[in-house]
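Asks: Given the coordinates of chain A, assemble chain B with the ligands onto it according to the supplied hints.
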Amino acid sequence: MLSKSAARAFFLSGTLLFSAVFIWLTVDTFQRIPAQTNAGDLTESVVRGKHLWEENNCMGCHTLLGEGAYYAPELTRVYDRRGPAFIGQMLRDPEAVYPGQRRMVTYDFTDEQVADMVAFFEWIGRMDLNGFPPEPTIGIAAAAIAIPGGKRPEIFSQVCTACHSLGGVGGTIGPALDGVGDRFDRGYLMRWITDPQAVKPGTKMPQLGLTEEQRNEVVIFLSKQREAGL
Amino acid sequence: MKYQSQKVAYWFFATCMLLLALQIIYGFIMAFAHVGFDVLHPWIPFNVARATHTNLLIVWMLTGFMGAAYFIIPDECERPIYWPRLAYVQLIALVVVSVTAVIGFHFGWWEGRKFLEIPRPLDYLVVVDVLLFVANIGMTIWKAPKITTTSIVLFFGLLMAAVLYLPGMIPTDHQTHDSFWRWWVVHLWVEGVWELIMGGILAYLLIRLTGVDRELVEKWLYVIVGFTFLSGILGTGHHYYFIGTPSYWLWIGGIFSALEPLAFLGMAIYGLALAKKGGRNHPNRIALFWTVGCCVMAFVGAGLLGAAHTLPQVNLFTHGTLVTAMHAHMAFWGAYAMLILAIITYAMPILTGRKLFETASATFAFWATNIGMIAMTVAFGVAGVAQVYLERRAGMEFLDVQRELQVHFIGLILAATLFTSGVIAFIYNFIRYGWPVGDVEETPSSGAAVAAPAE
Ligand code: HEM
Ligand code: HEM
Ligand SMILES: [Fe+2]
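Those protein sequence lines, which keep their order, are chains A and B. Heads up: the first sequence at position 197 corresponds to 237 in our numbering, and the numbers run straight through without jumps. Heads up: the second sequence at position 59 corresponds to 870 in our numbering, and the numbers run straight through without jumps.
Same shape as in the complex, but just chain A (with noise of 0.2 Å):
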């Protein structure tokens, strides 16, 4: 039978040798990190995002790089994903954005900061993360579906589906989409993009701050949408 003094070898030795390789890992990691990550890109800027990240205890809520809790949305890609405008309506007057929905807290960011925490997921969002998060693979979102009107523009998948689906794709806190060019004429939708109060007070839709050129965009492709063209 394993005598003690052997038990006590087996501890030490694979003790001290995984530890060495550990730390040649770490070693070896670190060489390797500014590759992965872009590095050079990391402006003061993006460094100052970090620290605000920090300050603000943004991992009490959200997860970045999947690390954090698990209360509001996962922010690895959420530059691609929403985009500069959208990510400093939520920094300025989150609950505008969601109305009645999960509070996040309202913070009172400088321009200058807002713009360094955009800079600062722009920049997580180009690490090479080895695959996440992953890509939907299974029902509707994974399936191409044909939407009339055309690609969706950017504005549209980024700002838009935040609240409302179209072709089943997108949130629930606003009502769906689809053919809501049969309902609504493009005078009508562009007022209502412009400023929602103006035309039905009360609505809990915000006022996005979409820029004219962007504001046509999503009107042509909305009025494109007819129960019909399904």
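For the record, the hints were derived by calculation from the structure and aren't laboratory data. Ideal Cβ positions, reconstructed from N, Cα and C, are used throughout, including at glycine. Worth double-checking, as some hints may not be accurate.
[Unchecked claim] Have a look at the derived ranges for each label pair, beta carbon to beta carbon:
no., chain 1, residue 1, chain 2, residue 2, range
1, A, V61, B, R1096, 40 to 46 Å
2, A, P139, B, L1073, 33 to 39 Å
3, B, M980, A, D68, 21 to 27 Å
4, A, E152, B, F918, 22 to 28 Å
5, A, V61, B, G949, 25 to 31 Å
[To be verified] Dumping the calculated DSS-like pairs for lysine-lysine here, alpha-carbon to alpha-carbon at most 25 Å:
no., chain 1, residue 1, chain 2, residue 2
6, A, K244, B, K1088
7, A, K44, B, K1166
8, A, K191, A, K264
9, B, K925, A, K44
[Unchecked claim] Here are some chain B residues pointing at chain A (derived, C-beta under 10 Å):
no., residue
10, A862
11, Q986
12, F991
13, S1042
14, L1045
15, H1050
16, L1127
17, H1130
18, G1192
19, A1197
20, Q1198
21, Q1213
22, E1252
Replies: Only chain B with the ligands this time, still in chain A's reference frame:
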């Protein structure tokens, strides 16, 4: 008990009870927020509640380990604590620092780094405090007439826990570096050196409660902690899959972390076998329940539920979802919370001189907490798996998925209520024991009376 100075352990344990109760309150705040009931949001937003919940957990566990060491080391080494007064000073300092930290969280004084939220200036105080503790225990062992394997393993676990707090304090500008060092603390604690502490305390309890030969227990202790480090050090790689580190961690982390359950399996077999073998019928049976329960629940919570999502193919989908919260609760509960409750249950009759062994409330506390925790794990687990499928696999929006999950959080609240009733029973029992006025034994049991100076 053998020495007057061991009584300080009582105050550490009482602190544990208080912090555990507070931790649970903050758990409920978060669970209610998850079901949409967030009236406290303006004062205690979710991130404050969360930092408080997890840091109180860590602090009460460190306090429990310290109390356990102050109780066990004199008993094992047969001499009183070297600086008895320092032990009290060090407890008070720890309480002051952690209360300051928790209050600070409510005013945004923190570092937003999961589990290491304590602000930097207080980190230094924590390190100094823990080093004073380690010095006190170290001197006690150093000057002792007898050094046992159990006490050495416990000591090194505590020393390494203090040392491994330091990497978490390295300042970084790069998110990947930040996370890399954070895991040196979080992972190398719970899946490394804390298992040494666990092994030491379990060995002590099993020797005392079952009367099985020390040589046998301590031999297997080495084997178990050997497996811990064999798998757990490189197993850190299971946190380096997706944070901007090289892809070789997928292999290394996957293989070695998949071996981590072996150490917990070892502890489960060890606990069950020794309890069965132990001829001596110790009157404190409920302490044996907690001890063996700890071995089994640690294996399920850390070993099995950890292994369930440790392979990179699975972790890609479960990483950062409620599946992690499921594992985190049962693992912390089984491995470390039950361990501390076991040593408290063993020590209280000795510290207070009251032999309230198997009372109805003590038995209720054991079953209600454990059944409650299993049910909580199921609630988190079902919510987690649903989240993985809806959000990660079908691509639904985060908030829409969360609405679907609310029903599971109602289940969580119900389970947590049962769990909490057990904790209340445990604390009630603790209070019933009264003050630490137990007698000091006339002669230490193993005949080293000469070495025991009067205090
Ligand atoms: C007593 C021992 C253990 C405790 C207290 C524990 C606790 C935790 C905690 C609190 C987390 C969340 C960390 C975070 O996201 O910041 C976590 C994550 C994790 N644990 Fe454990 N654990 C233990 C043992 C194990 C073991 C033995 C395994 C594997 C076999 C394991 C596998 C994992 C994995 C894969 C994750 C990452 C989850 C993710 O990607 O989100 N754990 N553990
Ligand atoms: C009444 C009892 C409890 C309730 C209602 C509760 C609830 C919660 C909730 C809602 C979260 C946050 C999940 C999220 O980020 O969305 C959490 C996190 C956590 N709780 Fe508890 N908890 C309770 C007791 C405990 C106990 C007894 C322990 C330890 C033994 C514990 C350890 C943890 C840990 C380690 C985390 C972090 C998990 C992670 O990051 O994956 N909790 N708890
Ligand atoms: Fe780990």
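Asks: Indicate, hint by hint, whether the structure satisfies it.
Replies: Each hint, compared with the structure:
no.: 1; hint: V61/A x R1096/B: 40 to 46 Å; verdict: 44 Å, holds
no.: 2; hint: P139/A x L1073/B: 33 to 39 Å; verdict: 52 Å, violated
no.: 3; hint: M980/B x D68/A: 21 to 27 Å; verdict: 23 Å, holds
no.: 4; hint: E152/A x F918/B: 22 to 28 Å; verdict: 24 Å, holds
no.: 5; hint: V61/A x G949/B: 25 to 31 Å; verdict: 29 Å, holds
no.: 6; hint: K244/A x K1088/B; verdict: 68 Å, violated
no.: 7; hint: K44/A x K1166/B; verdict: 36 Å, violated
no.: 8; hint: K191/A x K264/A; verdict: 11 Å, holds
no.: 9; hint: K925/B x K44/A; verdict: 40 Å, violated
no.: 10; hint: A862; verdict: 6 Å, holds
no.: 11; hint: Q986; verdict: 6 Å, holds
no.: 12; hint: F991; verdict: 7 Å, holds
no.: 13; hint: S1042; verdict: 8 Å, holds
no.: 14; hint: L1045; verdict: 6 Å, holds
no.: 15; hint: H1050; verdict: 8 Å, holds
no.: 16; hint: L1127; verdict: 5 Å, holds
no.: 17; hint: H1130; verdict: 4 Å, holds
no.: 18; hint: G1192; verdict: 13 Å, violated
no.: 19; hint: A1197; verdict: 12 Å, violated
no.: 20; hint: Q1198; verdict: 8 Å, holds
no.: 21; hint: Q1213; verdict: 7 Å, holds
no.: 22; hint: E1252; verdict: 28 Å, violated
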